[in-house]
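Colleague: Residue strings, one per chain:
2 protein chains.
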Amino acid sequence: MRPISLASGFARLGALSVLLALGARAQGQTDPLPSWNDGATKRAIIEFVQATTDKANPKYVAPEARIATFDQDGTTWVEQPMYTQVIYCLEQVHVLAQKKPELKTVEPFKAVLSDDREAMAKFTMKDLEKILGATLTGMTVDEFNAGVKRWLATAKDHRFKHLYTELTYQPMLEVMKLFRDNGYKTYFVTGGGQDFVRVYSGSVYGIPPEQVVGTAGATQFGYDKSGKPTLTKVPKLLLNDDKAGKPEGIHLMIGRRPVAAFGNSIGDRQMLEYTGAGDGARLMLLVHHDDAEREYAYGPTSKVGTFTDDLMAEANSKGWLVVSMKNDWKRIFAFEGN
Amino acid sequence: MRPISLASGFARLGALSVLLALGARAQGQTDPLPSWNDGATKRAIIEFVQATTDKANPKYVAPEARIATFDQDGTTWVEQPMYTQVIYCLEQVHVLAQKKPELKTVEPFKAVLSDDREAMAKFTMKDLEKILGATLTGMTVDEFNAGVKRWLATAKDHRFKHLYTELTYQPMLEVMKLFRDNGYKTYFVTGGGQDFVRVYSGSVYGIPPEQVVGTAGATQFGYDKSGKPTLTKVPKLLLNDDKAGKPEGIHLMIGRRPVAAFGNSIGDRQMLEYTGAGDGARLMLLVHHDDAEREYAYGPTSKVGTFTDDLMAEANSKGWLVVSMKNDWKRIFAFEGN
Chain A
3 MRPISLASGF ARLGALSVLL ALGARAQGQT DPLPSWNDGA TKRAIIEFVQ
53 ATTDKANPKY VAPEARIATF DQDGTTWVEQ PMYTQVIYCL EQVHVLAQKK
103 PELKTVEPFK AVLSDDREAM AKFTMKDLEK ILGATLTGMT VDEFNAGVKR
153 WLATAKDHRF KHLYTELTYQ PMLEVMKLFR DNGYKTYFVT GGGQDFVRVY
203 SGSVYGIPPE QVVGTAGATQ FGYDKSGKPT LTKVPKLLLN DDKAGKPEGI
253 HLMIGRRPVA AFGNSIGDRQ MLEYTGAGDG ARLMLLVHHD DAEREYAYGP
303 TSKVGTFTDD LMAEANSKGW LVVSMKNDWK RIFAFEGN
Chain B
3 MRPISLASGF ARLGALSVLL ALGARAQGQT DPLPSWNDGA TKRAIIEFVQ
53 ATTDKANPKY VAPEARIATF DQDGTTWVEQ PMYTQVIYCL EQVHVLAQKK
103 PELKTVEPFK AVLSDDREAM AKFTMKDLEK ILGATLTGMT VDEFNAGVKR
153 WLATAKDHRF KHLYTELTYQ PMLEVMKLFR DNGYKTYFVT GGGQDFVRVY
203 SGSVYGIPPE QVVGTAGATQ FGYDKSGKPT LTKVPKLLLN DDKAGKPEGI
253 HLMIGRRPVA AFGNSIGDRQ MLEYTGAGDG ARLMLLVHHD DAEREYAYGP
303 TSKVGTFTDD LMAEANSKGW LVVSMKNDWK RIFAFEGN
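The listed protein sequences derive, respectively, from chains A and B. Under my numbering, the first residue of the first sequence is numbered 3, with each subsequent residue one higher. Under my numbering, the first residue of the second sequence is numbered 3, with each subsequent residue one higher.
The set of hints was computed from the structure by calculation and includes no laboratory data. Just so you know, not all the hints are guaranteed correct.
Pairs count within a copy or across copies, as identical chains cannot be separated in the list.
[Said to hold, decoys possible] The calculated lysine to any residue pairs, modelled on SDA-like cross-linking and capped at a C-alpha distance of 25 Å, are:
1) Lys128 <-> Leu240
2) Lys112 <-> Ala299
3) Lys230 <-> Leu323
4) Lys163 <-> Lys238
5) Lys320 <-> Gly224
6) Lys227 <-> Lys320
7) Lys238 <-> Gly219
8) Lys227 <-> Tyr90
9) Lys179 <-> Pro211
10) Lys245 <-> Ala220
11) Lys238 <-> Gln222
12) Lys128 <-> Phe162
13) Lys57 <-> Phe162
14) Lys245 <-> Thr139
15) Lys179 <-> Ala64
16) Lys132 <-> Leu240
17) Lys101 <-> Arg45
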């Protein structure tokens, strides 16, 4: 009986192998970008990742060189009607005024504190800088982090009635995960404040603080009354991480040229150009906001996230992918459900 | 007979298990720091790594927080009689003069080009800045990298007759590897030029460019004649990564407080203080150069790598480890052999 029993044993083993193989195949077929509609853009992203991680492919990229950079505002979360960080700063003026009541009589703080929308709409860059300076500097790094964390826990967007950290684009979260699952280091390269974004980049996007490149101010080392070392945020700009500042920031903080870069506006043009100028396989992508119903539609005339015709022409001539949020994305936010 | 056969099978399996276990144990006993003499310092380093990676230990550190920062000059390679990068810059003046012969008549270049040691010994900080500016800026990042690579391939230290990249301290390479093998990200936090160190940090130390924090100048994005994007090194200092600049640089580039920090001079004091001020387990270590025979002996009066009595007192009072190169290190360089 033993040969038969062995045979039936092998048969069982055989069935198991088939099941395992089927399982593996099923897993291999799992759609890594389920929130994307099938089409050329989705296919190009998946094929790029497959090609650059396949040693037999001429497009193969060594693991240590797998760097993918993402703009944040407008690329991985909502930036309209105003950058989230600017909303934070405006709301912090009220917190600040509790400690410094004299601000109530000083512009531009007076306008913010009295909710004078007309005056706020006329704010100059200098006014805005005063508000950013007052709310983003003058405290220790730890105090700043705690303040941002506290605010993010409850502050909601007026249109969507969701926490700002819930206004992330599900399709882009899937792209980030697809790249990471294939050995890419994902970085933020954002015009937003480096320290601001670092507070939530880990929990919201899976990007650790050391992989956030952003507009950065200096800190000053010192000691508190008990002699404990502290770092205080001071109003000295080290990196304006926008436009030409993006490749400059990438060099400063990463020191390697990205293999893939994702943006949505003229602020990202130079990052995509710099990425595209490297040898070997490259992927450049711009998110185009053309979905007023589900999110926003804006382009050349928008102050926030400007997407000029010129940029569109460059994208087309250089083969950069342009995502139509309306057509390419099955859903935009996780809270929409499946 | 089957039960017996099974039993003998299990017996064989049992023997195999024991062999495997023995193998594992033998591997566990492999000395991770073979170039260190047995003693309190070596024991403290190994115990720190074991404790912070053992989930059952109250000193456990989560994998994402495992950041270890290393000074370079004098901590992981030789810094006497002059920093390697300064030697590079002085030698580059000759290369520069081939393109710009007018330098032969202009100080401080004239002194360097005529090898006027007396004049060079009197160089002011301003003279040195002129030389660093002329040799570290004004070229694209790619040109700079190629130049450093070319120089490092042949330039040798006069005393040891070895390439500068071979003047690394074997015991510190072992410490770096021990930390990495236990899930730590190892960073350089060096007063040396960030771009300079990045050229060889990967091949020499296993530290990728994105984990090099150093003194950093700005770059400027632009396009070459063919329209290709370029980054040009410009003479604008963004970060002086020395003394207080070290914790400031750590915040700028990493955004987390290190768990372990390694240095050798007063330039590392603030980095060690900042590291030590965090909660939970911390390891701070200073390399003390007390071995004139095998390397160099220097301390309070040395211009390069100053180690004051004050720093020693602080190290002792705060429980920082102080390495005696003479007593703690079995060998200093890999080329010494075993």
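Colleague: What are the numbers of the hints that this structure violates, sorted from low to high?
Modeller: 2, 4, 8, 12, 13, 17
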